[in-house]
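*Asks:* Below, each chain spelled out in residue letters.
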Amino acid sequence: MTIYSVIFYILALVILASTGLAITRRNLVHAVVYLVFSFFGSAMLFYLFGAPLLAVLEVIIYAGAIMILFLFIIMMVKMDSIHERQYPLNQLLPAALMGVLYLVLGALLVSTDPNSKVTLAVAMALPQEFAKYLFERHWLSIEIVSLLLLIALVGALHLGRRKEKEGSAKIP
Amino acid sequence: MIVPFSHVLFFAGILFLMGMFCAVARRNLIMIVLGVEIMLNAAAIIFVAAALRWQHLEGQVFVLFILAVAATEVSVGLALIVYGYRRTGSFDPGTYNLLK
Numbered sequence: 138m139t140i141y142s143v144i145f146y147i148l149a150l151v152i153l154a155s156t157g158l159a160i161t162r163r164n165l166v167h168a169v170v171y172l173v174f175s176f177f178g179s180a181m182l183f184y185l186f187g188a189p190l191l192a193v194l195e196v197i198i199y200a201g202a203i204m205i206l207f208l209f210i211i212m213m214v215k216m217d218s219i220h221e222r223q224y225p226l227n228q229l230l231p232a233a234l235m236g237v238l239y240l241v242l243g244a245l246l247v248s249t250d251p252n253s254k255v256t257l258a259v260a261m262a263l264p265q266e267f268a269k270y271l272f273e274r275h276w277l278s279i280e281i282v283s284l285l286l287l288i289a290l291v292g293a294l295h296l297g298r299r300k301e302k303e304g305s306a307k308i309p
Numbered sequence: 056m057i058v059p060f061s062h063v064l065f066f067a068g069i070l071f072l073m074g075m076f077c078a079v080a081r082r083n084l085i086m087i088v089l090g091v092e093i094m095l096n097a098a099a100i101i102f103v104a105a106a107l108r109w110q111h112l113e114g115q116v117f118v119l120f121i122l123a124v125a126a127t128e129v130s131v132g133l134a135l136i137v138y139g140y141r142r143t144g145s146f147d148p149g150t151y152n153l154l155k
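From first to last, the protein sequence lines are chains G and S. When you read off a place in the first sequence, starting at 1, and then add 137, the result is the number in the numbering used here. When you read off a place in the second sequence, starting at 1, and then add 55, the result is the number in the numbering used here.
Hint data in this document are derived by calculation from the structure and do not stem from the laboratory. Each residue gets a CB set at the ideal place from its N, CA and C atoms; glycine is no exception. Hints may be right or wrong, so weigh each one.
To be verified - Quick look at which bits of chain G chain S covers, simulated, 3 or more residues with Cβ under 8 Å:
1. 138 to 151
2. 171 to 185
3. 195 to 209
4. 225 to 231
5. 246 to 257
6. 263 to 274
My request is simple: use the sequences and hints to build the entire structure.
*Replies:* The structure is reproduced here in structure tokens:
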């Protein structure tokens, strides 16, 4: 057991614990802060797996931009407490059955695949090599993604616009 | 030597299941979008691990596109949620039952 595997198991535990706390919180601000911890752990995992540029992007985009957007929305509107669903037995039983079935099938699939036995070697993709590969082979996809982001910007602006004269629109 | 590839697959699978639980069982629209984010993050972890497993940069390139699509989805999704909140005054998808 090398130091890298110890780091991996610690990171995995931290990520699973913080995500598990996040998805069960009633208070949305607590959930978002726990999820920020989870994404910081994912960024360190990316670094461990040899992707330093992606680790930085994960911190900037996921933990920085996306989670702060969630916080803005949560703090912008007043949140009335929603009564969470109680799980009736006739829905819980099939859900648990399907979940266990999926878990068993996935475990079988992973454990019988010879590819998954291979131990990961330590390697690092420098940002220069990564960017060279990206812009040599996938320049068209980069353009398409940039167009997608522009369309998302226009769409979000259009949806967020306040309609001045509309009787049915309730403005808080 | 880090860990066997199967351990990463198990870990990311459990993370994906957590996100799926959050998206299916919670009753708040913001928590549903958070669950989708968790699922995308689990997929990104598998892609980076697979890039290391096969020593090929294609997986890391795909994670970059996952990041861009996640940012897009969150911005448009949150704008839609705010729009729905203005119309109905609630984040509960059960109250979105108007057809006008």
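*Asks:* Could you run down the list of hints and mark each one as holding or not?
*Replies:* The hints, checked one at a time:
For a cut-off of 8 Å, the count of residues in the stretch 138 to 151 of chain G with a CB near a CB of chain S stands at 6, and the three-residue condition holds. Only residues whose C-beta sits within less than 8 Å of a C-beta in chain S count toward coverage, and the stretch 171 to 185 of chain G has 7 of them, enough to reach three; the restraint holds. Counting residues of the stretch 195 to 209 of chain G whose beta-carbon sits less than 8 Å from any beta-carbon of chain S gives 7, enough to reach three: the coverage restraint holds. Restraint check on the stretch 225 to 231 of chain G versus chain S: 0 residues with Cβ-Cβ distances below 8 Å, three needed, restraint violated.
Restraint check on the stretch 246 to 257 of chain G versus chain S: 9 residues with Cβ-Cβ distances below 8 Å, three needed, restraint holds. Only when three residues or more bring their CB closer than 8 Å to a CB of chain S does the claim for the stretch 263 to 274 of chain G stand; here the count is 5, and the claim holds.
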